[in-house]
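**Student:** Chains as they are written, first to last, in numbering that gives the first Met the number 0: chain U, 0 to 497; chain Y, 0 to 513.
It is worth saying that the hints were derived from the structure and are not from the lab. It should be emphasised that the depicted structure is a prediction, and the values quoted were computed from it without experimental measurement. A portion of the hints provided could be inaccurate.
Unchecked claim - Here are the simulated EDC-like cross-link-like pairs (lysine to aspartate or glutamate), alpha carbons at most 20 Å apart as the crow flies:
1) Y/K89 to U/E92
2) U/K82 to Y/E358
3) Y/K89 to U/E120
4) U/K82 to Y/D118
5) Y/K89 to U/E394
6) U/K86 to Y/E95
7) Y/K150 to U/D411
8) U/K138 to Y/D486
9) U/K358 to U/D411
10) U/K146 to Y/E95
11) Y/K347 to Y/E363
12) U/K441 to Y/E147
13) Y/K141 to U/E475
14) Y/K137 to U/E120
15) Y/K489 to U/E475
16) U/K134 to Y/E368
17) Y/K89 to U/D144
18) U/K82 to Y/E149
19) U/K134 to Y/D486
20) U/K441 to Y/E149
21) Y/K4 to Y/E210
22) U/K86 to Y/E139
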Amino acid sequence: MPTLNLTFPNGGKSTVNTDLFINNKWVPALDGKTFATINPTTGKEIGQVAEASAKDIDVAVKAARAAYETSWGEKVPGFERGKLLLKLAEIVEANLEELANIESLDNGKAVAIAKAFDASEVAACLRYYAGWADKNQGKTIEVNDTKFTYTRHEPIGVCGQIIPWNFPLLMFAWKIAPALATGNVVVLKTAEQTPLSAYKMCEFIAQAGIPPGVVNVVSGFGPVAGAAIAKHMDIDKVAFTGSTLVGRNIMKNAAETNLKKVTLELGGKSPNIIFKDADLEVAAKWAAFGIMFNMGQCCCAGSRVYVEEEIYDQFMEVLEKVCKSLPKGDPFQASTFLGPQISQLQQDRIMAYIDSGKKDGAKVRIGGSKGSGDGYFVEPTIFTDVNPDSKIAREEIFGPVVVCSKFKDEADLLRIANDSMYGLAAAVFSRDVSRAIGTAHKLNAGTVWVNCYNQLNSQVPFGGYKASGIGRELGEYALTNYTNVKAVHVNLTIPCPL
Amino acid sequence: MASAKVTINSPSGLKITIPTGIFIDNEFRPSLQGGQTFESVNPATGKTLCSIARGSVSDVDAAVASSRKAYKTVWGKKSTPGQRAAALFKWAELIEANAQELAELESLDNGKPVWMARDFDVADSAGCIRYYAGLADKIEGKTIEQVEGEKLAFTRVEPLGVCGQIIPWNYPIQMFAWKVGPALAAGNCVVMKPAEQTPLSALRLAELSIEAGFPPGVLNVVNGFGADVGDAIAKHMDIDKVAFTGSTATGRRIMASAAASNLKKVTLELGGKSPVVVFESADLDQAVNWATMGILYNQGQDCTAGSRLFVQDSIYEKFMPKLIANFKAHKIGDPFHPDTFQGSQVSKVQQERILSYIEAGKAEGAKVEVGGGAWTEGAGEFANGFFVQPTIFSGCKKGMKIVDEEIFGPVLAVAKFSTEEEAIQLANDTAYGLGAGVFSNDSRQCMRMASALEAGTVWVNSYVALSNAVPFGGMKASGMGRELGVDAIKEYTQVKAVHYNYGEDLDWPLPAKL
C-alpha cells in the first residue's frame, strides 16, 4: 500500500496514503496510473498519487450506492450520523498540526494560517453540520380534512463532489459535512494540485467509524475523473467549486446525461467600496487582507477596490504600505503571510494578466513581477488607472493582484460595482452604518461584508449571484442542496372522481 | 471550603462518591440555613442512603444572585453559541463515560431497575444534551421585508435570563437533561431544584458540569423541598421564567405564584390520565404488549402512563386473558438484578397513595382482575421496599376515583366500548390531555383517531416511547409549552423585533396623507 513519508521543514512528520480511498480501503487506480503532486514552495515533486480514471469512478459510485442502500441514508438515524461527524471533528482537532503541515506543503499557504484557520474551521464545520443531522425536518401541511399531507426531507443519494486547490481541507469539509449529515453518500474528487490533505482526512473518516462506502475520495484530473463524475448515470447530484469555465462544463454534462442536480460555486471579481467616511487605516488593512489573503486565491477575493475620490491618495498610501509589509516567503516560517501561488500554471496565468494590464496602460504601483526563489511566487501587485473594460478589471486573476480606482458619484459607482458577470461577494466601508447597509442591499452579490472582508462562518450561507454560482453552501441553507423533498398525500375520504 | 462528600456502597460493589452540598458557583457548600440536611432513602429497601444539604429560601436567593451575575458577565449575550455548544457536548460525553455509576445512583435513589436507568434514562439524557448542543448555534431570527431603502426589520431571538427549573422524581436524570438542555443552549442560566425524593443524581451531574467547562453560576442546583425552595423559585422577583414538571395541583400553585410575583414566564408539564384505545382490527398480541408497557414502565410512574384502557367489545374476551397473563410475566424486585422489570415505587408516601387508590377502586365497585395490593414477595432487605403489585381493574366507569384521578402507579383501569365515536368520547372525557394511544390496523381510523384525540402526544400502534427530536407536552390541564425537539427552544427565548431605520427622515408636523 503506497504511502508518502513526509518530513516537514518545521520538524513535523507524517505518512500519507496515496492510493484511491474507496470503501474505507486504499486501492490503486485500476490502470495503475499515478501523477505527481508538487510542492509549490520549491517547485519539486512531493510524490506520486493514484490517478483515477472513469473506471475508478464507476467502482467508487458502486461502493457509494451499496453503502447508501445498506449502511447510510435512511438506514442510520440522524442522531447517529451526527455522532459520527462529531467524532470526526474531534479527531481533526487532535491532529491540527499534522493536517496543517500537509496542507502547507501541498498548497503553499502559511502553516500557521493553515492550522489556526483552515484545519480549525474544518472541525467547526463538521461540528455545525453534526448538529443538523437529526433536525432536517419536513412539515405536515393542513389542506383540508379529506387528506393528510406532509413532506419528507430525504437524502438525494450518491453525490459527486469536486473541490478546488485553494482551501483543500476546508472545501473538503464544506462538501462532505452537509452531505453526510443529511444522509447522502459521497464520491469526492480532489484537485490535482492538492490531493494529500484529503487522504489524511480519509484515515480519520475510517477511524471515526463512518461506514465503508459513505465517503470515497479519488485523486485525479478534471477532464477525466471530474468529467466522469459529471456524466455518471448513477450519481444523483454534483457539487462543484472551481472556475466558471469548468462549472459550465459540469452543468452541461449533468444536463446531457441524467439531469443530476447541480450546485456550483464559481469565480468572482468582487468589488470592495471605500467611502470617504470610512476609518481609513482600518479599511486599507481590510482591503489588503481582502485581496492578499491566501495569495489572492479566494473565489471571493476583493480584487476591485473603489475608493471615494476625497480619500483616494491617502488610502492608496496606506494600502501600499500594508501590502508591502506582508511577510512573504517560506510558508513554514511562523511569521509568513504570503506563500507561493499554487503552481507554475497559475503563476504563468497571473503573470500574463499582469503583462496584459501593463499593455492596457494601467499603472503598476507596487509589484508586477514574479517573486524570488524556487517557488511560484508573485509579488503583491497594485494596479491603478485601470481601464474598466480591460482584462485585469473584468476577469478573475486569482492572484495577489488588485485593481484600484477612484469614484465620485455613488450611483455611478454602484453601476460599475455591479457591472460584472460575477456576483460572489462585495464589501462596503463606511462609518455610517445606515449608508453601508443601504449600499449593501444594492450590491448584487451573495455575500456582502460591511467594514470587514473574508469573514465567513459555518452558520452563515455563502454562494454566488449570476455567474458566480448556483445554490448556497454553509448555514442551514446548505441542507437544501442535499435534500430531496417528497410530498406525501394520504387520502382519508376523497372518493375517486370517476 | 472543602465540600462534604459521601460514598455510597452500591450492591454491585461500585463505590459511588457524590458531593452533598448546595451547588452554587461551581462549588458545593452547606445550606445557609444552619447547615440543615435531609435524608435520601432507597425505596427498594427502605434504608437511608445518605444525608445531603437541604436548601432554604436563602440558598435560592444566593443561587439566583449567582446565576444573574453569570448571565450578565459570562453567559447569555456574553457567550458565543460555540462556547455553549462545546460545554454541552462535553457534558454529554462525560455523562456517557459515567453511565454505569449514574445508573446505579439513580436506581438506588428512585427504585427503578439499573439496566433501564443505564440503557434508557442515562443514554437518552446524554442524547438530549447532545441534541441541544447541536442546536445552540442554530437559533436564528429572521429579516423581514419592509420598504426597501427605508428600513431593515429583523428579529433577534434572545435568552430569557435566569430560569428556575423544578423537576420530579420519576426520571431524575432525564428530567434534568430535558430542562437544562434547551435552557443552557439558548444562553439562559439555571437554578434547578431536583425532587426531594431523588436528590442524588443531580449532584453528580452538577459535578460533571464543572468538568464540562460551564462557568460558575451558569448552573446552580439547590436540593430541598417544594414548600420552601420550590415556592421561593416560583415567587422570586429575579427569576425570569419557571419550568415545572410535576403534579397538576402544584403546577397551579406555581403559576399563581408566578402571576402574583413578577409575571415570570411559566411552562408546566403536569399530570395525565392517558387513554389507550384498542380497536378490533389491531394486532392483538402487539396491543397487549404495548398496553402493558404503557402502564407498567417505570413502575407506572410516568406522566403519560396509559392508565385508562378501552378495549372494543368484540375483542374484549380475547384481549383480557392475554393482558392479565402479561401482568404476571415480568420480574419484580431487586433493581440491581438484570432481569428485573419492575422495581419499587419511589417512596412510602407514594406506595400508600397508590394502595389507597386500589382500595377506592374496590370500594367503588371495580373488579380486581390481577394484583390489588402491595407486593410482599421481596426477599431479604426487599421485604421492606415500597413495592406494589401490577394491578388491573375492569368494569371501570367515569366517576370512579381510579378512572378520574392520576394514580401514578402500576394500576390500570379497563373499560369496554362499541363504536369509534364512543371511544373518542370516553378517551377525551378527562381534564387531562398528555398522552393517548390507538391500536388499529385501519389506517384511516388511525388518522381519524390521531386527529380526534385531545393529547399532546398520540401514539399509533405503540406507546410510551419518546424521542429527543420530537416535541412533547400537554393539552388541557396537562400543561402548557413543549419540551424536546426544536420547539423547546421557543420556551427559553424571547423574540425582540428591531426596526432599523436607515433611510427614512421624519417631517414635523407630520404631513397628513390624502
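**Student:** Can you name, in rising order, the numbers of the hints this structure does not satisfy?
**Tutor:** Of the numbered hints, 2, 5, 7, 9, 10, 11, 16, 17, 18 and 22 do not hold.
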